[in-house]
Structures are given as C-alpha cells and as structure tokens.
Amino acid sequence: MKITLGAVVTGGTSLEYKTGSWRDKRPVIHKDLCKACDLCEMVCPDSAVYVVDKIYIIEYDYCKGCGLCAYECPTDAIEMVLEEK
Amino acid sequence: MSHIKVVEGSEAVALAVKACRPQVIPSYPISPQTHIVERLAKMVADGELEAEYVRVESEFSAASVISGSSAAASRSYTASSSQGLLLMTEVLYASAGLRLPFVITGVNRSVSAPISIQVDHQDTISLRDSGVIQFYVESTQEAYDTHIAAFKVAEDTSILLPVMVCMDGWILTHSYEQVSFMEQEEVDRFLPPFQPVNFLDVNDPKSWGSYADDDVLMEFRYSIHEAMQHGKERIKEVFSELARITGRDHGGLIEAYRTEGAEVILVAMGSMVGTAKDAVDKLRSDGRKVGLIKIRCYRPFPYEDIWETIKDAKVVAVMEANVSMGSEGAVGMDLKAKLSGKADAPLVIDFIAGLGGREVNEGTIDEIVKKAEEVLNSGLPLQESHWVGLNPTILP
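So the sequence lines, in the order shown, correspond to chains A and B.
Read in the numbering used here, the first sequence has 8 at position 8, and its numbers run on one by one without any break.
Read in the numbering used here, the second sequence has 237 at position 237, and its numbers run on one by one without any break.
Everything labelled a hint here was simulated from the structure, so no lab data went into it.
Even for Gly, the Cβ is constructed at its ideal location relative to N, Cα and C.
Hints are supplied without guarantee of correctness; some may be wrong.
Stated by the list, open to error - In the DSS-like style, the derived pairs of lysine-lysine whose C-alpha atoms are separated by at most 25 Å in a straight line are:
(1) B/Lys314 to B/Lys277
(2) A/Lys2 to B/Lys336
(3) B/Lys206 to A/Lys18
(4) B/Lys206 to B/Lys277
(5) A/Lys85 to A/Lys64
(6) B/Lys236 to B/Lys311
To be verified - Which residues of chain B face chain A? A few of them, derived with a C-beta cut under 7 Å, are:
(7) Glu57
(8) Ala94
(9) Leu98
(10) Asn203
(11) Pro205
(12) Lys206
(13) Ser207
(14) Trp208
(15) Gly209
(16) Ser210
(17) Val216
Stated by the list, open to error - Across the chosen pairs, the derived CB separations fall in these ranges:
(18) A/Thr10 to B/Asp215: 57 to 65 Å
(19) B/Pro114 to A/Glu83: 52 to 60 Å
(20) B/His230 to A/Cys37: 28 to 36 Å
(21) B/Tyr222 to A/Val28: 41 to 49 Å
(22) B/Tyr93 to A/Thr10: 23 to 31 Å
(23) B/Val202 to A/Lys35: 36 to 44 Å
(24) B/Glu226 to A/Leu33: 54 to 62 Å
(25) B/His230 to A/Val43: 28 to 36 Å
(26) A/Ser14 to B/Tyr93: 21 to 29 Å
(27) B/Val202 to A/Ile3: 18 to 26 Å
(28) A/His30 to B/Met218: 33 to 41 Å
(29) A/Glu83 to B/Val216: 40 to 48 Å
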C-alpha cells in the first residue's frame, strides 16, 4: 500500500482498521435479561452493536470496550468481562 | 506593459493578492498586518474583487477557514503577525500535512512577552519546522512580485504546500514606495486557475489527514521534506519565469551581492538586506573584501546555493533578527549544521541583531564586519552568538 498526499483516503477505510484489540473488557449480552430497547445500539460510539432479527450482536472486531452500552442498559443485561484467558 | 504607482507596502501586497484572484480570504486583524486585509476587505465590499471574505473570531479560525477552503478547491489567502501566527501554528502544521496550497503573509513582528509591536523575525522563524515554505523579502516591490510567485509555487503539483511570504512589519508594510504593477492579463497567463489534485466533494466523499500509525507517519513526514527539497529547483524556475515577464530579477533562492573575491560574506534576510547592500558598497569602495547573501527562500533551506557562493570566503557573518533561546540564531544553526565536516569551509559567526525593532543601520553592519574581520585575523571561531548593540548596563 502506498501513502497518499495529505493522507487523503476514500470513505469506508476504517473497516480495515480493527480497533477491537484496544479492548481490555468485553461486553457480554445476557439474552434472558435483554428487552430489545435499542439503547446499546444507539449509544455505541463505534456502531459496534447491531441488531439482526431482534437479536443484539456485538462486533468484537471494532468494539473498544468503552462500556457505554453496559452503563446505559436499563436491565443490566450487559456485563463487562475482563479480556483474559 | 506594467504601470508604476507610489503605494503603501500593505497595499502593494493586497493588490498582488487581488491580481491572483483569491476565492476565499478569512481575516483577523493584528498589527502590523491589518492594512493588508483591510484593503482586501474594501476591494470585496466595493465589488472590485469577487471573493468570500470571512471575518473570523481568531487567527486559529482564520487558519482553519483557509485550510477548509483550500481543501474545497478555492484559492485562499490570509495574513497575520506575531501572536496571531503563533495561534495559527497548530493549524499550519496540519495544513502542510494535508498538502494544502494556500498563501499567507507573515508580517514580521516580535513575540510577547514583553509585548512589542516592533519588527523582528521571531514569529515566522518559530514556524520553520512546520512544513510551510517560507520566503523573505527585502523591499515592497519584492513583496509584490513574491506573492504572485507564491501561489504558483504552492499550487505546483510537485510541491503542494502552504507558502508564507514573510515581510518586515512597519518598515515594509507601512512605508510608501514606488511599485511597478503587472497587468491583470500578465498575471492570469502566469497563474492559471487553481487545479487541486484532491478536493472536498460531497459526491465523492474522502477523509483528509486520516490516522497514520508508526508504520507510515515517518513516510508522510519524509514526503513533505522531499517535496521541499525537490521544490528548490521548481521555486527557482517559477522565480525566473516571473522575472522574464516583469524584467525584475530579485534572485533565486538566494541573491549573491558583490560576493566575488569576498573574504567576509554577510548573510541576511528581510529589509535589513537593503541596508547591508549600502554598507557593502561603502566597505567595497574602501577596499574591504566584503559581500552579502540575501536568503529569499528560507524553507526549504538553500544550502547548495549558499555553499557555491561562500566556499571561497573565509568568514560568513550571519546577521539575524531571531534567536533560539538557549542556543543560537536559527539561520546560523542551519548553516553551521550543513557546513560541519566540510573541509576548508569558512568559519560561520552568528550575530543576533535587530530584535524588537532595534535599529540595524550601516554602523551596526560595520560593527558586524569588524568583528568578522577580527575572527578572520585570529582564525578562531566565536563560541556563541554575538548580540549586536546589547546594552549590558541595563540587565537586571
């Protein structure tokens, strides 16, 4: 890949930059508690939460683990789990 | 072809900018630059110049508007001085990185504190590492001509960098001199409309200045450095192309003045060059072997051309209206760094002169030349910059 003058790039290139590795805590959704209110999807600054057929999915390639979704969840359905093995 | 009028230096610059057909001019007033943007404001208000004139709330905003408008494919211009230039600093570094080819006049004024409105080069010199090309001018006529060349240099696709034309506050901006103006058709032929390589377009969205990590940032820096280094030849071509049209040759990256057979060569930038030329004439008529180099283009630094001129001299006396406190004057440092390790290189002595508007007259230059001749006779370099005319009796 060559660099461009002024670091000008076409749209959508952040897809290639996976920021999930920055995360130290991983949000885990407890589906039994989730009321499908959409708040987590709305507050996620990286659009890393999305909904498919009323099921909430976290895109771990891009989730930086900021915890906003867990903080805002009215039913405490999201738990932040330490990234360690 | 051209016409001659007596005008204030600021007006000459405003007329040069007008002739370049700028599309966006953000401005924020600060002495001694204000007359330039004031005159441009009047031209826009009177319908003589079709441009977007943006009254911004600070120099930071002026620099931000000019970078935005330049990215949006508009030929853009602004001017500032002193603290105003310092407030622009963050944006100017970014603009060079974004490769935005606008032109800015850096009207030289001392930097606070203590507050002073008098001229020295501390403000623009502090931007030397930003990636902005810097020209310094000796006279009002040179200021006029250099602004017209500046747009062409900035927009050259092999360069694409902001260009700052530095001119001494008051001495050049506020004095009235005879200036020879180009006809509009001549300027239009010399400077065709701005054709950006990249520009902001809602139908073809792009990100500017995208994130650069440790694997590419060095290469971005190097590409700006390279554009400057290769730009040296292109700048000389643009200057000579303009000189062929106007019949006025101010020199290339430097101007060598009576340097043939000189043992002592002075180096200067800005309006003090005119005084130095007179001083050199007198010293020459007394049989002293003294010459002068005017640096017109300070960034990129024209080391090669300076070397060709000084290689047979014995002492080079750099007189400069700036100081990197805790070290030396910037131009002296540049030159010493490049001469280091060169066999038979002349000794370089750094003179700090003219800070905060302190007068640099023929007597000052005589003093500098005397000191340089002392070094020549002793063969020993000065260990530190020599502060010309410093009054130690009033130091605390």
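Now for the hints, and whether the structure bears them out:
1. For the hint pairing lysine 314 of chain B with lysine 277 of chain B, the CA-to-CA distance comes to about 19 Å; that is within 25 Å, so the pair holds.
2. Restraint check for lysine 2 of chain A and lysine 336 of chain B: the C-alpha separation of about 36 Å exceeds 25 Å, so the hint is violated.
3. At most 25 Å may separate the alpha-carbon atoms for a hinted pair to count; lysine 206 of chain B and lysine 18 of chain A meet this at roughly 19 Å.
4. For the given pair, lysine 206 of chain B sits about 51 Å from lysine 277 of chain B by alpha-carbon distance, which is inconsistent with the 25 Å threshold.
5. At roughly 18 Å between alpha-carbon atoms, lysine 85 of chain A and lysine 64 of chain A fall within 25 Å of each other, so this suggested pair holds.
6. This hinted pair checks out: lysine 236 of chain B and lysine 311 of chain B have alpha carbons roughly 21 Å apart, not beyond 25 Å.
7. The beta carbon of glutamate 57 of chain B is not positioned within 7 Å of any beta carbon in chain A (closest approach about 26 Å), and the interface hint is therefore violated.
8. At about 10 Å, the closest approach between the beta carbon of alanine 94 of chain B and any beta carbon in chain A exceeds 7 Å, and the interface hint on this residue is violated.
9. Hint on leucine 98 of chain B holds. Least Cβ distance to chain A is approximately 4 Å, under the 7 Å limit.
10. Hint status for asparagine 203 of chain B: violated, given a least beta-carbon distance of 12 Å to chain A, over 7 Å.
11. For the restraint placing proline 205 of chain B at the interface with chain A, the shortest Cβ-Cβ distance is roughly 5 Å, inside the 7 Å limit, so the hint holds.
12. The criterion of a C-beta within 7 Å of any C-beta in chain A is met by lysine 206 of chain B, whose closest approach is roughly 5 Å, and the hint holds.
13. At its closest, the beta carbon of serine 207 of chain B sits 5 Å from a beta carbon of chain A; the interface hint therefore holds under the 7 Å criterion.
14. With a least beta-carbon distance of about 5 Å to chain A, the hint placing tryptophan 208 of chain B at the interface is held under the 7 Å criterion.
15. At a threshold of 7 Å, the smallest CB-CB gap from glycine 209 of chain B to chain A is about 5 Å, leaving the interface hint in force.
16. For serine 210 of chain B, the interface hint holds, since its Cβ comes within 7 Å of a Cβ in chain A; the closest pair sits about 5 Å apart.
17. The interface hint given for valine 216 of chain B holds, since its Cβ lies 6 Å from the closest Cβ of chain A, which is under the 7 Å cut-off.
18. Checked against the hint of 57 to 65 Å, the pair threonine 10 of chain A and aspartate 215 of chain B fails, with Cβ atoms roughly 20 Å apart.
19. In this structure the hint that proline 114 of chain B and glutamate 83 of chain A lie 52 to 60 Å apart at CB holds, the actual value being about 55 Å.
20. Checked against the given bound of 28 to 36 Å, the beta carbons of histidine 230 of chain B and cysteine 37 of chain A, roughly 59 Å apart, lie outside it.
21. For tyrosine 222 of chain B and valine 28 of chain A, the Cβ-Cβ distance of about 45 Å falls inside the hinted range of 41 to 49 Å, so the restraint holds.
22. Our hint of 23 to 31 Å for tyrosine 93 of chain B and threonine 10 of chain A holds, since their Cβ atoms are close to 24 Å apart.
23. For valine 202 of chain B paired with lysine 35 of chain A, a C-beta distance near 39 Å keeps the hint of 36 to 44 Å intact.
24. The supplied range of 54 to 62 Å is met by glutamate 226 of chain B and leucine 33 of chain A, whose beta-carbon atoms lie about 58 Å from each other.
25. Between histidine 230 of chain B and valine 43 of chain A the beta carbons are some 49 Å apart, a value that contradicts the proposed interval 28 to 36 Å.
26. Checked against the hint of 21 to 29 Å, the C-beta distance between serine 14 of chain A and tyrosine 93 of chain B comes to roughly 23 Å, which is consistent with it.
27. Take valine 202 of chain B and isoleucine 3 of chain A: their Cβ atoms lie about 25 Å apart, and the range 18 to 26 Å holds.
28. Checking the proposed 33 to 41 Å range against histidine 30 of chain A and methionine 218 of chain B shows it is violated: the Cβ atoms sit about 46 Å from each other.
29. Roughly 27 Å separates the CB atoms of glutamate 83 of chain A and valine 216 of chain B, a value that falls outside the hinted 40 to 48 Å.
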